[in-house]
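Asker: Listed below, chain by chain, are the residues.
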Amino acid sequence: MAYDKFNILQTSAYPLPIENVDTDQIIPARFLKATERKGFGDNLFRDWRYSADNSPKMDFPLNDPKYSGKILIGGRNFGSGSSREHAAWAVYDFGFRCVISSFFADIFKGNCLNIGVLPVQVSEEFLQEIFEAIYDNPNTEIKVDLPNQTVTLMSTGKSESFEINSYKKQNMLNGFDDIDYLQNMKGEIQEFVKSRPF
Amino acid sequence: MNSTLFDKVWDAHVVRKIEGGPDVFFIDRHLIHEVTSPVAFLGLKNRGIKVMEPQRTFATADHNTPTINQHLPVEDPLSANQLKALEENSKEHGIIHWGLGHENNGIVHVVGPENGITLPGATIVCGDSHTSTHGAFGAIAFGIGTSEVEMVLSTQCIMQPKPKKMRINVEGKLNKAVTPKDVALYIISQLSTSGATGYFVEYAGNVFEEMSMEGRMTVCNLSIEMGARGGMIAPDQKTFEYIKGRKFTPKGADWDKAMEYWKTLKTDDDATFDKEYTFNAADIEPMITYGTNPGMGMGISNHIPSSDEVKDGKATYEKSLKYMNYDQGDSMIGKDIDFVFVGSCTNGRIEDFRAFASIVKGKKKADNVTAWLVPGSHKVEAQIREEGILDILTESGFDLREPGCSACLAMNDDKVPAGKYAVSTSNRNFEGRQGPGSRTLLASPLVAAAAAVTGKVTDPRELMS
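Sequence order for the protein chains is A and B.
Residue numbering for the first sequence follows the numbering used here, starting at 1 and increasing by one per position.
Residue numbering for the second sequence follows the numbering used here, starting at 199 and increasing by one per position.
I should point out that these hints are in silico values taken from the structure, not numbers from a laboratory.
Just so you know, even glycine gets a beta-carbon here, dropped at the ideal spot from N, CA and C.
Be a bit skeptical, because a hint or two may be false.
To be verified - Below, a sample of chain B positions facing chain A; criterion: calculated Cβ distance under 7 Å: (1) Gly511; (2) Tyr521; (3) Asn523; (4) Phe628.
What the hints assert, rightly or not - Cβ-Cβ distance ranges computed for the label pairs, FRET-style: (5) B:Asp467 x A:Asn184: 39 to 45 Å; (6) B:Ile294 x A:Pro197: 17 to 23 Å; (7) B:Met662 x A:Ala52: 38 to 44 Å.
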C-alpha cells in the first residue's frame with residue numbers, strides 16, 4: 001500500500017531504553033488474528049503497557065503523559081524476533097513515523113520501510129545523549145531530515161547522519177511502495193520465469 | 199571461480215539490479231499461512247490484481263489451529279475467520295491449500311520439505327521468520343513481512359539488498375546427548391541474538407555434514423535467532439535422497455537435469471566470507487536457556503552467569519532474570535518446571551519424537567508436569583504411530599496432540615499460564631511468548647524428555663545408559 005510522504009519530521013519523542021526489544025513485546029501473538037490492517041496501536045507493547053487486569057502501567061513511557069510525539073527511541077537491537085509486519089503496523093498505528101535506535105533487526109527494519117515508518121540508526125553514544133536529553137526535558141524535539149539524512153537533537157544542536165538505501169529513500173520521500181515499481185516490470189519478470197529450471 | 203554457495207543461488211535469481219538500491223529478486227516457492235497473508239490478499243484486491251504464479255504458491259493452516267478436535271469447527275471466532283480467509287483466498291487465486299484435516303497439513307516449514315516443495319538452489323519465502331529452516335537443502339530461504347507477501351503474490355519478486363556472507367564451521371566429534379538443537383543454541387549463545395544481523399550464514403564442517411536432514415533443518419531454523427536473515431547448508435547425497443520421489447520434486451528427465459545443477463551448489467575453495475567463525479564440537483554440551491532471549495543459553499551443568507559475564511547489556515540481563523525469577527550463579531539443574539512442549543518448526547519432526555521416546559521409554563511422566571507433544575505435521579504423526587513411538591509415549595503416560603504451531607507462540611489454546619515454567623523445544627523464550635507471563639526454557643527433545651519424567655530440569659545424560 002502506498003503511504004504518506006516522509007520529508008522532515010520534527011517532534012518530541014517517547015523513550016524506551018530497553019535492549020533487544022522483540023516483536024513479541026511490540027505486539028504479542030494473540031493480537032495477530034485480524035484480517036485487516038488496523039487497530040494494532042491499541043495493543044502496541046500490550047504486556048508492558050497494561051497489567052493483567054487491563055489497567056495501564058503508568059510507569060511505562062507510552063502511558064506517561066509527559067511524553068508525546070511521533071518518534072520512538074528504542075534500545076539496541078530493536079525489533080528482533082518474528083517477521084510479523086503487525087509489529088510495524090502497531091508502531092505506525094499508535095502514531096509513530098520514525099523509530100531511532102543504535103541497531104535494528106533486519107526484517108523489522110525492512111517492514112518499517114515498506115509501510116512508511118523510518119528506521120534511523122544512530123551511534124550508541126548519540127542514542128544515550130538523546131535518552132538523557134529527553135529525561136532532562138520530555139519536550140525536547142528531535143529533527144529527522146530524510147532528504148539530508150540527518151538526525152538532530154534540537155536542545156543541543158548535536159547532529160548525526162544516518163544511512164538509507166537510495167531507492168528506499170526515494171520511495172519514502174514520494175510515498176511509493178515496491179509493488180508500484182515491480183508492477184511496471186512485469187514483462188521482464190515473465191521473461192525471467194521462463195529461465196527457471198523448476 | 200570464487201563464489202560461495204549463497205552467491206551462486208542468489209545471483210541466479212536477480213531479475214534486475216537497481217543502482218544504489220535493492221535487487222529485484224525472483225522467488226521460486228512462496229509458502230503462505232493464515233496469519234500473515236489475509237492483509238496481503240486484501241492489498242491485491244484493492245489494487246485489482248491476481249496472484250501472478252499461483253502454482254509456485256502453497257498454503258497451509260498452522261499458526262492458530264487447535265491441537266485437539268481438529269475435526270470440529272474452530273471455536274475461537276478470530277482464528278476461524280483467518281482460517282476461512284486463507285481457504286477462500288487460495289480458492290479464488292487457484293492456490294493449493296492444505297487446511298485442517300488435510301493429509302498434507304502441518305507447520306509450513308515441516309510440510310514444505312516433506313512434500314518436495316523445498317529444493318536445493320531454490321529461493322523460498324514465507325511470512326514467517328523461521329523460513330530459514332529450508333536452507334538445510336541448499337536453498338535461500340527467509341522470512342518476509344506482509345507487504346512483501348503481497349509483493350510476491352503479485353509479482354513473484356521482492357526487492358531485497360544482498361546480505362553479507364558469514365560462514366560458521368563446527369568441527370570435531372559431538373559429545374553424548376548433544377543434538378542439532380544444542381549445536382544451534384550454543385552458536386547463538388556465542389554470537390548473541392544480533393551477532394549475525396545483516397548476514398546470511400553458511401554452516402560448514404563435519405558436524406553438519408554428518409547431521410541428518412532433520413537436524414540440518416533445526417540448525418537452519420534457528421539462524422534467525424542470532425539475527426541472520428537465513429542459514430544454509432550445501433546439498434549433498436543425503437539431501438538428494440531425502441527429496442527424491444516426494445510429491446512436488448522434479449521427476450524423470452527433469453530430475454536428472456536438476457541433479458546436474460544441484461551438484462554445482464557448493465562454495466568454491468577460494469571463495470571468501472565477510473565474517474567467519476569456527477567452533478569445536480567438543481565444547482558443546484546439552485544446552486538450556488535461563489533468560490528471555492535465545493542468546494541467553496548455557497551448558498546444562500553450568501551456572502547462570504553474572505551480569506559482567508554476559509554479552510548483552512546489564513539492564514536487559516537483570517530485567518530478564520527478574521522475569522524468570524532466577525539469580526545469577528544459580529544452577530539450572532533441579533529447577534522446578536510445570537510444562538513440557540515438544541513440537542514447532544524447530545523440533546516437531548520424527549527424529550525429535552524418536553529422541554524424546556528414547557529417554558521416556560520405561561519411565562513415567564512426572565505428576566507435576568503437563569506435557570504437550572505436538573507433531574509438526576500429519577505425516578510426522580503417522581510416522582510416530584507406524585514406528586511404535588506412540589505406544590512408548592502412551593505407556594509412559596503421555597498423549598499425542600494434533601499438528602500445528604501450538605504452544606510455540608500460543609496463538610491457539612495451548613498457553614503456558616503466567617508465572618509457570620515450560621521446557622520447550624521451540625525457538626523463542628521471549629517474555630510471554632508461550633502465553634502472557636509464561637517462562638520458557640529452550641532445550642533439545644532429550645532435555646525436554648528428562649524434564650518430563652523427573653518433573654524438574656535434569657541432565658539427560660543421567661537417564662541414558
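Asker: All hints are to be evaluated individually against the structure, with a verdict given for each.
Answerer: Hint by hint, here is what the structure shows:
no., hint, verdict
1, Gly511, "holds, 5 Å"
2, Tyr521, "violated, 11 Å"
3, Asn523, "violated, 17 Å"
4, Phe628, "holds, 4 Å"
5, B:Asp467 x A:Asn184: 39 to 45 Å, "holds, 42 Å"
6, B:Ile294 x A:Pro197: 17 to 23 Å, "holds, 20 Å"
7, B:Met662 x A:Ala52: 38 to 44 Å, "holds, 41 Å"
Taken one by one, the earlier hints fail for this structure at numbers 2, 3, listed in ascending order.
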